[in-house]
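*Asks:* Given the coordinates of chain A, assemble chain B onto it according to the supplied hints.
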Amino acid sequence: MSAYAELCAASNFSFLKGASHPEELAVTAAALGLDAIAVTDTNSVTGLVRAHTAAKQAGIRLVVGCRLELTDGPDLLTYPRDRAAYGRLTRLLTLGKRRAPKGECYMTLTDVIGSGHGLVIAAVAPRRYDPAFEGALQKLSQHFNDDLYLAVSYDYSGGNEARLNSLAALAGKHRITLLACNDVRYHSAERRPLLDVLTCIREGCTVHQAGRRLAANAERHLKSAAEMARLFAAMPDALAHGLEIVGKCRFNLDELRYDYPVDPVPKGSTPQAELVRLAWEGAKARYPDGIPDKVSAQVAHELDLIEELGFAPYFLTVHDIVRFAEERGILCQGRGSAANSAVCYCLRITAVDPARIDLLFERFVSAERGEPPDIDVDFENGRREEVIQYIYGKYGRERAGMTATVITYRAKSAIRETGKALGVTEDVILALQGAAWRRSWEDITDDHIREAGLDPREPAIRRLLALAGVLRGFPRHLSQHTGGMVMTKGRLDEMVPIANAAMDGRTVIEWDKDDLDALGILKVDILALGMLTCVQKAFGLLSRHHGRDVTLATIPAEDPAVYDMLCQGDSVGVFQVESRAQMSMLPRLKPRDFYDLVIEVAIVRPGPIQGDMVHPYLRRRDGKEAVDFPSKALEQVLGKTLGIPLFQEQAMKIAIVAAGFSPQEADALRRALATFRRFGDIHKFRERFIAGMLGNGYELDFSERCFKQIEGFADYGFPESHAASFALLVYVSAWLKRHYPAAFTCALLNSMPMGFYGPAQLVRDARDHGVEVRPVDINQSGWDCTLEPGLVPDAPAFRLGFRQVKGLKQADMERLAEARANGPFQGAHELQKRTGLSKAVLEKLARGDAFAGLGLTRRTALWAIRGLDDAPPPLFAAAGLDHRGLEPRVALPEMALGEQVADDYRALSLSLKSHPLALLRRDLELRGGVPCRDLMHLRQGADVRLAGLVTTRQRPGSAKGVVFVTLEDETAHANLIVWPDVFERFRRPVLGAQLLEVAGEVQKEGRVIHVVCKRLWDLTPWLRRLDAPETAPVTIRSRNFQ
Amino acid sequence: MNEMTHGVQDGLSEDGTVRRRVVSVWLPSFATDLCVRRWKAQPTPSPCGPRTPTDFTRAPLVSVAEENGHALLAAVNRAAEVAGLQPGLPLADARALVPDLRTAPADPEGERRALGRLTRWCDRYTPWTAVDPDSFGAGAGGLWLEVTGAAHLFGGEAGLLADLNARLAALGYAHRLGVGDTPGAAWAVARFQPPLHASIAVIPPDGAKAALEPLSVAALRLAPKTTEGLFRLGLRRIGQLERRPRGPLAARFGGALLDRLDQAFGRRAETIEPGRSPPDHQARIAFAEPVTHRSGIEAALERLIGTLCGQLATARVGARRVRLSGYRVDGGVAEITVGTGRAVREAAHLRRLFEQKLDHFDPGFGIDALVLAATVADPLAPAQTSLSSDGTAEALAFLIDRLGNRLGPDRVHRLAPAPRHPPEHAQGRISAAETAPAPANEEADGPVSPRPLQLLATPEPIEAVAPVPDRPPVMFTWRRRRHRVASADGPERIAPEWWLEDPAALFSGQVRLRDYYRVEDTEGRRFWLFRAGLYRPDRAPKWYMHGFFA
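Read top to bottom, the protein sequences are chains A and B.
Its first residue numbered 13, the first sequence is counted upward by one per residue in this note's numbering.
Its first residue numbered 10, the second sequence is counted upward by one per residue in this note's numbering.
Looking at chain A on its own, in the form it has when it is part of the complex (with noise of 0.2 Å):
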């Protein structure tokens, strides 16, 4: 009976080199009844945990390997015998990877000498004879001795007895041993095309050229011991070899025990007992009238919880940074599955008072998944990168990193790879990326090939198809995760090579998330979010202006002002529920406390809107239907969202409560929907699930809508932790909105991009709440926007910002704001003579209106500007006469008030002056047009036809193809419902259009009211009426798709 272990296989991790996932390497040399597999990717780790996980399921034994491809060397296949070796390994890999630009790892043969001490190394033989190897392999020899090997592999290349024979002369000459493997690229030989087409890829030719870079047969594919020992007949030695390395190298992935990072903790002391110090001390400062009793129970309750996972070290980590931050005055909150608990509340993680909400802490912090607790963090958008550095400071390269992301083959690059690999030409290509656009791959059929010109019976379009199909899905390179960060206690170097990023000052581990999840290895996500920096933003224009100093944690709860503002709907710029599609819900929830935010921002999501569990909720919240729970069971599970589940962390615990899932079971069931549904048997869990709550005595409609909603949850999950810190933060800006209007528009036109809104609907929504909104102005303005003493007292008005004007950049107008401290500028050459800037950094501000302050129009100005010397003229030049005094004076014509606007909308994308729709008013009215304010006195179903500035369109996926636009003219806004069949015809005007006219009828429901289109136009020429037809059109920007 043969046995063969096969120790040189490259995985699809070995980018354009192997042609089969980890996964299916181990499943097939399970298969094959192998003994073992190593899956050897070229200088990475990256496909080791997939085929870990996948060896362990299939019950075969993976052997931890690398193969090292050196810059003056031959190469090698690595194996580390423990632990130990292991980690010397991703030291090298680190060493050859920080050296070298991204994606590229230079490492010499040395280096492996230096640093390959408990390594088995098997050196690759060349195709052909090399003294170059002979002599690598003598100095490799010195110093490994018996862990030494010379992989050789019959790979029917003709001569292959004679090649052999002489490999093993050579192995005998310097008292080697011969390892016979089959230096596998796919696991079965019908990947040969593919491999094939990745070659192309990686050479940059196509299949007709490519020749002899292609090999010339299957033959790499995984082989049975059977028919390792036939081809090996000759040398039984060399397989035999395989297994002596099995023998030697026992090390597993398992064994890599992760541990937190301790914190210096004061001496005599433990992780633990400084937490738990920390954490009262905290409470006390958070609660200085005294602790509520129900508030030190629950604290004293998960310290105890924590104490028995051993977490503590965990909860210190993020406190620390959140420390950092703190001192470093970047405002940042928690968020995530632990983060809502009564600790870290204390720890000042979050800012949500758990007196105010009731969150399950084991619920988060589960024993039985053995995984660790999940925190991220948010931080003010442009002070993430402080924080990550701080991170990197305090643990050093060796001992965080940035996770990484595999980024895959998607349909559409799938398809332009391979048809180029295949030599099809550039317009198949584009029209098949056309048949794929907007498809799932499963979708695409032959009717679809046919209408985009192609004949689906053509085997150059089958070939291509097919190969994209598999292409699909394949890694093509790594990228960094968005914020994950990993930090260990002993060295991260030593777990798992560190690479540059693309990035300057970032370094990046080889593993993602999922590998991650599946070794036990914590990683905190350090995320980015606008939202704090405008709250950051707002407190500080509070403190300056107001003089009112608050924070998260002490801005007045529960005021009911905010929430009757926001059961109005009336939410611009209030952080998640500014959307249409929430804004529309606000009205229809009313939301009467905090609790009533976290389930506002849960509700408009893919997981409830597809579990069709939205209606019934408001159902029952209106009390049109009675609360009643499908079970006892279930009750517990469901009781704070009147029976219907609306957060992730419900549909995983119907899973368990209701289907009998086990706690691991519900958890790969979401794993296996949101991993792309790749390895995955969905109909299997479906089957289960639906059986398991049937068995239980639900209803099938009931089960069918709780699996469809694990489904939804599955790609966009959000959990009832996450929500309540969001909701947080909706809170808070909710209440800078209603009770500062002028500091909360400030911060947000200070903090762009961010939010669901341009600036132009910010500024108009302030000054429709009362605001005084001041142009910009040469000398008023700073950079950022600012307040102004305002008419009436304790109402400051608001001065726009020279970022408001297109093409200006923040150090030159810091200049012009030095230069104003001598005294206001009184004209265009002045300016340039003080400030020394260029002219076209004048015309911009001219084209802004900025000299309006002066009495110079725009033209004006800008004739002034233009006619200014280029370079600007000495600060100390004799102070003579402007020598363009003496020009004839020149007559411009005077602009309209339609050109002011269309060139404010130009230079600023908003205008004070007028409405664009104001002054079309008289022609829409002649057209039937009704202003928007109108729809709040039409009756349900009236037909109405109105016009506007389209501001957002979208097309959410969980609506079935309608898409939703919003208009907005010089009254009001108008939200619009276009069905799918309406926007096939109309196609042009709901995607193209600035201006967009309809006609519809008038749908209502309580506040919320929708026009639901019937006809379209496209106005958008309209637009040019403002203007002499010849201008550059004016764009008005809407928000589309995002």
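Errors might be hidden in some of the hints.
Unchecked claim - One side of the interface only, derived from the structure: several residues of chain A facing chain B at Cβ under 7 Å:
#1 V219
#2 G223
#3 R224
#4 N229
#5 A230
#6 G341
#7 I342
#8 L904
#9 G1004
In short, the hints are calculated from the structure, not lab data.
Virtual Cβ for every residue (Gly too), placed ideally from N, Cα, C.
*Replies:* Chain B only, in chain A's frame:
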């Protein structure tokens, strides 16, 4: 000699006054019109192309260029423009607006070449034609025709315009023609004079002021920045500029603005440079009387070749491509071009090459000028009498040139190794005119196993006895003779090139492979045999003889 030799300013109209007339041809959708022309010419329809005849003109069509990995529209036809598409729009957005959009890859080089060809085609009206560089881009194109003194051949200016208009329409190019006393004026009215649906816009002689003043300043061929600046100041029409003092305008917009203004009104001269950049080396003969006979042309050619070769020798170069152009009295151009495989400046060789082609040189109603130009030239050291070379290499090169020029350069071949795995395809034919490739580095690029000296055109079936599954044969029978194998090497496994196979078998892995063996029989003869397909217990293996080593 006639007046076509030099200068275009001196064209005389019938009444004897100087009257310059210029045509500006605007081709607003040149790129996409070109795609349609190509599709029409194609025997097999392009997948992205039109599917019905009306598609040629009615369907939205765009050309697509890739920029930093993003597909952007490079040009749009009229239908696409009406549907709201513009150059620069991402293809994905365009598809959202027009789901069944026809697309073609953008080909700026091809467009440039096609525009050049169209310019030469316009030589039929006047030799003074040029590509208008200010119009190229975003899928548009423009041409200049200096028709001063040329219109009478077409029954006057109106006749010329009507003819040009009809022919461009027949070629499938959307166009507008502008005519005026200056290039600037012609350009302006071609693009801006209403009504825009009329395809010809004519400024009568001396009518520039009335015609141009109401037009947009964009009609002045200004840099986009200048146009925009003028718009911003409210100076939108040419007339507004004319009425403003020049000094301040120049101070703000540079002299170029006034130059353009003056060019349009004819206050400043502007000449049209003929399109093809003149070659570095050319010789020219003008005849007093138009020549129609071959003998006359041959005699002139003989002199031209002598002059040209002299120029080439002085410049130490040799010609690779030589063009003979005959300017015909009817406004057309007769042209023949000869190419050579290596740089040449030998008069006799060039003459032989032209002799073969002169039959195709149609003088029409007569030729009044002949130009011989070396359009491509390579460095060539002065000829040196070689001690070792007997001149065979040169003689062979001349022979290849002569054969190539007579039969067509693609019909004379030589063999070259091809880097492909199937032995039948391991060599290929390359054009003999190409320089022979450097001998392949067999050590690195060649097959690992040696190849036989002689390969059978078709493998011959043989009977063979071999241990299964893939050991070399021990005995075989070929052409009824039995050979015992003394020693053997193999197998060398060669799988077919899957991209040429039936896609149904794409993933079948091991189809139709061959296992090759080098064997030596007991008499010392060495053969190359193969077994077709993998061994299968249920089927007798098929063996073939494919070549011999000695």
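*Asks:* Determine for every hint whether it applies to the structure shown.
*Replies:* Against the structure, the hints:
Among the interface hints, the one on V219(A) holds; its C-beta lies about 5 Å from the nearest C-beta in chain B, closer than the 7 Å criterion. Proximity of G223(A) to chain B holds as hinted, the smallest CB-CB distance being about 3 Å (cut-off 7 Å). With its C-beta approaching chain B no nearer than about 5 Å, R224(A) sits inside the 7 Å limit, and its interface hint holds. About 4 Å separates the beta-carbon of N229(A) from the nearest beta-carbon of chain B, less than 7 Å, and the hint is met.
Evaluation of the A230(A) hint against chain B yields a held restraint, the C-beta minimum of about 5 Å falling below 7 Å. With 7 Å as the threshold, the beta carbon of G341(A) stays out of range of chain B, its nearest partner Cβ sitting at about 38 Å, so the hint is violated. Checking I342(A) against chain B: minimum C-beta separation of about 34 Å lies over 7 Å; hint violated. With 7 Å as the threshold, the beta carbon of L904(A) comes within range of chain B, its nearest partner Cβ sitting at about 5 Å, so the hint holds.
Hint status for G1004(A) relative to chain B: holds, with the closest Cβ pair at about 4 Å, below 7 Å.
Hints 6, 7, counting from the list given before, are not met by this structure.
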